[in-house]
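Colleague: Given these sequences and hints, build the entire structure.
For the record, the sequence lines run as chains A, B and C.
Numbers 6 to 251, taken from our numbering, label the letters of the first sequence in order.
Numbers 2 to 416, taken from our numbering, label the letters of the second sequence in order.
Numbers 67 to 477, taken from our numbering, label the letters of the third sequence in order.
These are computed hints drawn from the structure, not numbers from a lab.
Ideal Cβ positions, reconstructed from N, Cα and C, are used throughout, including at glycine.
The reader is advised that the hints may include incorrect statements.
What the hints assert, rightly or not - Listed below are several chain C residues computed to face chain B (Cβ distance under 10 angstroms; list not exhaustive):
hint	residue
1	Arg85
2	Val91
3	Asn117
4	Arg138
5	Met342
6	Phe346
7	Thr352
8	Thr357
9	Met359
10	Leu456
11	Leu460
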Amino acid sequence: MKNKTITILILLSLFIPVTAFSITGEEIIRRADDMQVFETSEASGEFQIKDRFGVKVSTFNSWSRGTNESLIEFTSRAERGQKVLRTEDELYLFYPDAEELIRMQGSMLRQSMLGSDISYEDMTGGKDRISQYDVILEGEESFKGKDCYVLVMTAKVRTVPYPKEKLWIDKETFLVWKAEYYTKSDRLLKEMETLDTQIINGRTIAVETRIVDKMKTDTETIMFLSDIKINIPIHNSMFSLEELSW
Amino acid sequence: MKFLISLAFKNLTRYKRRTLITAGAIAFGLMMYIFVDSLLLGIEIESVRNLKWFETASARILNDDYWENRFQRPLDINIADPDSIMSKLDDNGISSTKRVEFSGDLILNSTDFGEDGNMSVLVTAVDTERDFDVFKFDTTLQEGRFLEADDDAVILGSWLAEDIGAELGYWITIVTRGNGGFYEAMDLEIVGIVNCPNPNVNRTLIMMPIDVADEYLAMEGAATEISIKLPESADIDAEVIRIQGLLNGDGLTVMSWKSMAADYLAIAEAKRGGTGMILFLIFLIAAVGISNTMLMAIFERIRELGMMRSLGMSDKKIRIAFMIEAAGIGLIGSIMGVFLGLIVNFFVVKYGINYGDMYRDMDIGYRVQAIIRGAWNFKTMGIAFFAGIFISTLVAFFPTKRALKMDIPSCLRHQ
Amino acid sequence: MTIKLVNTALRNISRNKRRSILSGVAIGVAAMAIVMMFSLIAGMQADMESNLKSYYTGGIRIRNENYEKYERFNPVHLTVEANTIEKILDTIEEVDTYVPRTSFPSNLYIEGTNFGAMGVGADFEKEANFIDLAGSLKKGRLPEKGKNEMIMGAILARDLKLKIGDKVTVMSTTAARGTNAITLKIVGLFAFPVGALNAKYFWAPIDRISYFLRMNDATQEVILKVKEDGTETATAIKIKEILKKETSVNYDVRAFTDISGTYEMIEMANTAYMIMAFIFFLLGSTVIINTTMMVIFERMREIGTLGALGMHGKELVRLFFLEGMFISIIGTFIGVLAGIGFTILLGKTGIDMTEAMQGMDFEISGMVYPKLSIGKTVFVFFYSVIIASLATLLPSRKASKIQPVEALRYV
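Modeller: Dropping the structure here:
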């Protein structure tokens with residue numbers, strides 16, 4: 006059973022591990038994927054969201070379990086009490102002043118979360134992508150002083166948001182240092198870069214990540230993680246809808 | 002009877018000036034009535050026309066499920082093989098064109114636009130050859146040129162262009178999702194700006210060639226709609242049923258502009274409240290003008306009437322003679338009036354009154370193509386024609402009757 | 067012009083009552099129609115202005131200085147301190163009434179899908195003095211302060227298949243540039259005179275909206291009406307200065323005519339009206355001219371007689387001129403009075419213009435109340451008199467040139 010932290014949820018959904026057994030490229034992805042996976046996790050964090058009006062900070066707590074389940078609860082004043090729940094197939098939003106849960110689906114997922122450079126869609130990835138991308142190992146490059154594999158992933162189907170992705174993966178730690186997301190015709194849509202890491206249980210995890218939506222002007226979102234706890238016991242009902250309403 | 006008619010006729014020609022002035026009054030009044038009615042009708046028709054020429058067309062073929070999901074503008078709920086349907090329609094003499102409508106984000110780059118921007122837009126991808134068969138954009142080009150197949154280009158509505166400060170030659174980027182959900186970004190050059198009388202369209206129109214959109218969006222030849230043009234005189238509902246029959250199932254629905262228009266305009270049942278008032282006032286003035294002139298013409302001739310009586314003509318014959326004459330004047334006036342009305346109508350229907358020119362010099366943000374067009378209303382012309390004759394004759398009745406009541410010497414002395 | 071001529075003119079008029087009445091009536095009717103047309107137009111103009119001032123921009127609008135620059139990006143966070151502003155407005159005598167408002171685009175989450183709608187946060191107590199809220203509320207009641215309630219445009223409710231008692235979740239971007247959602251219960255449906263408002267808008271208590279949008283008791287704008295129409299521009303300047311002095315904040319204070327979009331609409335409407343008025347004028351004038359000319363031609367024999375008695379040329383022309391003038395004065399006077407009378411009458415009941423206004427994007431309501439304009443009425447009066455008098459000149463000059471003998475034969 007694959008386990009992932011909330012980091013993976015957001016980040017890796019952007020560059021999905023493809024688990025196939027043949028070529029080196031896919032093998033690399035697989036190992037990068039494995040590196041970031043835990044049974045359960047808990048963390049605190051904050052988003053620093055910058056747009057034309059300035060920088061906004063939103064703090065949160067997060068929990069995750071398994072491949073697909075995660076919960077974010079916002080703690081900053083402006084968003085206090087808001088929650089985002091992700092389960093196997095769905096994404097739900099909870100707002101304290103709303104009397105119902107908002108189920109994000111279809112084109113609603115394309116909205117950005119909190120006005121950041123991350124969309125809800127980016128958060129719901131992480132499912133089986135074997136059949137969705139072709140992976141090619143293009144070569145090797147040094148990035149920020151680290152030796153990296155450079156991989157290019159091309160979508161095989163039309164249903165994934167990013168038709169093309171380019172990844173820089175550390176040869177030693179299999180951490181994804183940088184990722185670029187393109188359209189079919191190589192138009193840069195989004196960029197992700199790992200700014201700082203931490204070693205937990207022998208694995209290197211990104212604790213400071215920057216994401217930039219290249220289609221918007223002058224924006225950037227930096228995500229920080231702290232107080233990361235791995236494989237702690239988590240309530241069964243934590244990722245249920247009922248729990249969400251509390 | 003023949004005598005009376007020839008008498009009337011002779012009178013008419015003998016007093017040409019009087020006849021002409023009276024007929025002129027009738028003619029002018031009727032012409033104005035026809036003119037104003039034409040304008041008012043034209044305005045009423047304009048909104049419908051704007052809708053049909055630039056937004057809904059006469060009817061539209063959609064995938065069965067499209068209409069209820071139309072706000073989301075889904076690309077996957079589409080018409081898979083629009084070309085074969087269009088050729089079937091061609092065989093039946095119906096003009097049609099295919100379109101793909103999708104929503105996206107318009108990105109302005111600072112090199113051209115001075116400031117970066119990002120706004121939600123609706124893009125219409127058109128068949129560059131067939132679109133003019135159904136929609137009337139061909140008369141609206143303000144600057145630049147129309148689209149051609151394979152152009153990485155767009156045409157904007159002029160209000161939209163002004164809003165964002167766009168000019169010919171600028172490049173814009175549209176970021177959207179293709180058929181399936183994948184991101185796509187299209188760089189397109191602004192090659193034309195249209196000034197469309199439909200303000201809704203003018204405010205939001207972004208048009209691009211359908212073959213280019215097809216490639217970017219991976220539509221594989223599918224379209225989100227087929228728009229149809231039917232002749233003005235066609236029975237829309239009957240045609241919709243007929244076309245639906247041609248499609249025989251296939252998961253497609255035909256909608257008339259009326260069923261689609263409820264969304265755009267709340268078109269109330271024709272009550273003609275305010276317009277009735279305006280027309281009534283005009284009719285009143287015209288009627289008064291006619292009556293007035295007629296009355297004076299008759300009263301002027303009471304002496305003559307007295308003379309006829311003293312010569313032995315019967316009251317009835319005199320009355321008829323005068324009425325025929327009055328009807329004659331009315332006829333001349335009506336003919337002139339309707340004739341003038343036709344001419345004026347022709348100009349106002351074809352060219353309209355362009356009041357946009359009036360304030361072209363004023364520094365207004367929106368340069369509106371403000372043209373009021375008239376409309377042909379033969380019913381009104383018919384009414385006007387008969388009204389002219391009827392009123393004249395009717396009005397002649399009263400003074401004649403009064404004169405016939407007087408004794409003959411008073412008639413003769415009448416001044 | 068001798069007194070004798072005047073007396074002769076008056077005598078002629080009274081002696082031939084039938085003829086005088088006929089031409090007088092024609093002139094009067096034309097004048098009346100023109101007066102009524104102008105009143106109708108004035109009513110429409112007043113109506114449009116009133117709608118703009120009540121529902122959109124107010125007579126004067128006070129906003130954050132930077133709001134317009136970023137308007138495209140929905141800058142919810144660019145607010146004004148309504149409480150402070152309102153206290154200051156209370157001290158300015160030109161100000162009549164004011165209300166705080168916050169308009170925001172939002173998504174209504176209904177059965178799993180989003181529908182776009184515009185929300186307005188309003189202080190319903192204050193709005194009662196500002197707009198005809200009670201009259202516009204078609205069903206239900208107004209929301210109570212502090213409650214999560216809303217009233218919705220009747221057409222919007224119909225389109226979304228909602229009714230009173232239904233709850234709707236509203237999602238929007240907040241002043242903190244995040245998102246928030248709140249559930250509001252529909253307690254009433256409204257139908258403002260401007261159709262567009264009823265198809266896209268819902269209104270909710272401004273304190274709840276402020277909270278929902280994290281605005282900290284600030285609002286997006288304060289709009290106000292002035293006591294005297296037409297003084298908006300000057301008053302706006304005054305308000306801006308006073309606000310700057312008292313609060314050290316530079317606000318964007320503008321009269322409605324200075325707000326882009328509204329002025330152009332008013333101008334466009336005015337031009338349309340000018341055309342309508344012109345048509346009426348033309349028709350009315352023609353009737354007047356025609357009538358007057360007929361009168362002259364009808365009196366050829368009389369002209370001949372007068373000529374035989376020694377009155378020629380100029381005197382004749384003057385005589386007819388005077389007659390024309392007197393008749394038209396009386397006729398126009400009565401006509402104008404009748405026009406005024408009808409206008410006042412219709413001004414109370416109103417005219418239903420919904421049909422005529424269909425294609426126009428003029429923000430005019432369905433019901434229009436003709437409004438009397440003293441200036442225009444006086445203008446019509448003088449114009450008609452002048453036209454009628456002048457209209458006598460051409461035919462009378464022609465007639466006066468004819469030899470008496472010929473004229474006498476002109477029977």
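Colleague: Given C:Thr352 as an interface hint, is the shortest Cβ-Cβ distance to chain B below 10 angstroms?
Modeller: Holds - the Cβ of C:Thr352 comes within 10 angstroms of chain B, reaching about 5 angstroms at its closest.
Colleague: Close enough to count: is the Cβ of C:Met359 nearer than 10 angstroms to one in chain B?
Modeller: holds (6 angstroms)
Colleague: Given C:Phe346 as an interface hint, is the shortest Cβ-Cβ distance to chain B below 10 angstroms?
Modeller: holds (7 angstroms)
Colleague: Verify the interface restraint on C:Thr357: the C-beta must sit less than 10 angstroms from at least one C-beta of chain B.
Modeller: With a minimum Cβ separation of about 5 angstroms from chain B (threshold 10 angstroms), the hint on C:Thr357 holds.
Colleague: Taking 10 angstroms as the limit, does the beta-carbon of C:Asn117 come near enough to a beta-carbon in chain B?
Modeller: violated (16 angstroms)
Colleague: Please check whether C:Val91 passes as an interface residue: C-beta within 10 angstroms of a C-beta belonging to chain B.
Modeller: Since the shortest Cβ distance to chain B is 7 angstroms, the answer is holds.
Colleague: Holds or violated: the hint that C:Met342 contacts chain B, with Cβ atoms closer than 10 angstroms.
Modeller: Status holds, d = 8 angstroms.
Colleague: Does C:Arg85 meet its interface restraint, that is, does its C-beta lie within less than 10 angstroms of any C-beta in chain B?
Modeller: OK, holds: C:Arg85 within 10 angstroms of chain B, min 7 angstroms.
Colleague: May I ask you to test the interface hint for C:Arg138 with respect to chain B, counting a Cβ-Cβ separation under 10 angstroms as satisfied?
Modeller: With Cβ-Cβ at 6 angstroms, under 10 angstroms, it holds.
Colleague: With 10 angstroms as the cut and Cβ atoms as the points, is C:Leu460 at the interface with chain B?
Modeller: Given a least distance of 12 angstroms, the restraint on C:Leu460 is violated.
Colleague: Would the stated hint for C:Leu456 survive a check requiring a Cβ distance to chain B of less than 10 angstroms?
Modeller: This hint is violated: C:Leu456 lies away from chain B, its Cβ roughly 17 angstroms from the closest one there, beyond 10 angstroms.
Of the hints listed earlier, those the structure fails to meet are numbers 3, 10 and 11, in rising order.
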